[in-house]
Amino acid sequence: MNILVFAEVRDGKLKRPSLEALSEAVRLAKTLGSKVGVALVGEGIRGCAETLGKYGAAAVYVVDSPRLKLYASEAYAKAVVEAQKKLGAGAVFMAATALGRDLAGGVAALLGTSAAADCTGVTIEGGKVLARRPVYAGKAYATVGFRKGPAVVSLRPNVFTAQETGGAAAVEELAVAFDEADFRSAAKEVAQTAQGKVELTEASIVVSGGRGLQAPENFRIRDELAQVLGAAVGASRAVVDNGWRPHSEQVGQTGKTVSPNLYIAIAVSGAIQHLAGMRTSKVIVAINKDPDAPIFKAATYGIVGDAFEVVPALTQHLKKVLAS
Amino acid sequence: MNLAVCLKRVPDSTAKIKIAADGKSIDPQGVEFSISPYDEIAIELALRLKEKLGGEVVGISVDPDGNDVAMRKALAIGIDKGVMVKGGVNFDSYATAQVLAGVLKARMFDVIFFGKQAIDDDSFQVPTMVAHLLGLPRVNLCTSFEVDGAKAKCKRQIEGGEETIEVALPCVISVNKGVNGIHDKRYPSMKGIMAAKSKPVETVAAGPFEPTLELVKLELPPERPAGRIVGKGVEAVPELVRLLKEEAKVL
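Residue numbers (this note's numbering), protein chains in the order written: chain A, 4 to 327; chain B, 13 to 263.
It should be emphasised that the hints constitute simulated quantities derived from the structure, not laboratory data. Quick caveat, the model's predicted, so the values are computed rather than measured. Just so you know, not all the hints are guaranteed correct.
To be verified - What follows is a set of in silico ranges between Cβ atoms, one per label pair, in the way DEER data are often shown:
#1 B:Glu226 - A:Ala165: 24 to 32 Å
#2 B:Glu259 - A:Glu128: 22 to 30 Å
#3 B:Lys163 - A:Asp182: 16 to 24 Å
#4 B:Thr26 - A:Gln230: 27 to 35 Å
#5 A:Ser327 - B:Glu235: 53 to 61 Å
#6 A:Gln166 - B:Thr176: 30 to 38 Å
Where a beta carbon is used, it is the ideal one built from N, C-alpha and C, also for glycine.
Working from the sequences, and respecting the hints, build out all of it.
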């Protein structure tokens, strides 16, 4: 079964989660003896084809047009489906980013099927695609099978390993006949809101603060620790509900679900809906003054203590250790 | 304005999930069901729009059991009427979208609102699929939504940025928490609860749909291996850093 991967490009660069999805497709295709192609959609994106070859893509289908500079939901879906047809792909993969989540639904709708969103595992058995995905915000996992092909699957960032395998892709320009209706939901402009900041759902380290930080200005100690680690910052629901931090930082069932290598929870009690959003993190560190806080049950390592003392000390210590 | 809000009955976000004996569903024992929280945000946005521009807000809910507990709550909060669609199947976005589109295409709406995702299957797909099936523009994950004549001006959050999108009405919109500054749902008043009793709810059977996904298995996540308390206070910091570096190898 050939697999098509949609590669997302932002500011001229391939997004890391797209390379993760590509690597997983390459691993699956190797066991099946099949081929992986990539749909590269946007404006001025041809230069990314070489990297995609290095990550194991056999073919790259380039759909390059000034009209595709910004994301256009219908047009991008159409381009991906054209590439899927060209490759004869039985499965379409993409990263479950904000764009990927939108695109997966559009591609699946064009193909007359469902998409399996935000998957943490994909297997292909006897020509059937099975996807494992967190549901109830990670309180359970569902395994779903596609009753008909092609299967559309978005893969959760930070779960699969991106791996260079060496190689070069055959690059092919794909002419797609777009019409006006393909641009009726197109973005008109994009404003950078957080230049240089690490995106929460893609970060390999996340530092979160909870209600125990007591006031909005105290999130400085969270931010300083995050800066030393090059980490993204998160917050608990209570903090967001209090208006101390924006919803874009909320981790949990009604916020973002993250699975970084390292999650540091500062003064977060560990309500069930928060745990749901971060329990798949590889290593969890909890710092809380209440030894009975539920967060310690989920934590790999815990320190019982006052966050206002422990966190600055941790930041200082890490500065020294990471500099040496 | 004729406004639709598609709302789903889901286990409350504080619910503890247990798997039923069939291995394919959750054990409903002791689980409180509610409106999916993002749908509550969509309801609030629709109600504010109605208060500003006039018109009517209609709730539409597909439920395999025909259970109207979420719809009743929405009526008490303030929507004008409801359409309960009995049938469909959970965990199959395209099937749900087909059922919803079947109901929606026979009715005229200016905007069809959704929450960005239902917090049970966390799928994010249905709004886009409904838009596709109805031939309407769509904007997912809206953080800002304004009607301007025959158009809607939307903003959407993406990683590290915000997109501006303008679509013609009618359109399909899925909203994120915080859209137009709405962070919380509206709570039903006593008057609202009383009024809900006399609001019309039409019950219809789900139209034909083609199932596309099969739920093979539902399971609890693997237990995390037991962690340990490294120590108390500032004294424990060097040991924590050593463990992160040498044992966990995450630094």
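Going down the list of hints, with the structure as the test:
1. Under the hint 24 to 32 Å, the C-beta atoms of B:Glu226 and A:Ala165, about 30 Å apart, fit the expected range.
2. Look at B:Glu259 against A:Glu128: about 36 Å separates their beta carbons, and that is not inside 22 to 30 Å.
3. B:Lys163 and A:Asp182 have their C-beta atoms about 20 Å apart, which keeps the hinted 16 to 24 Å range intact.
4. For the pair B:Thr26 and A:Gln230, the supplied restraint of 27 to 35 Å holds, since their beta-carbon distance comes to about 33 Å.
5. About 36 Å separates the C-beta atoms of A:Ser327 and B:Glu235, a value inconsistent with the hinted range of 53 to 61 Å.
6. For the pair A:Gln166 and B:Thr176, the beta carbons lie near 37 Å from each other, so the given range of 30 to 38 Å is met.
Violated hints, in rising order: 2, 5; the structure is consistent with all others.
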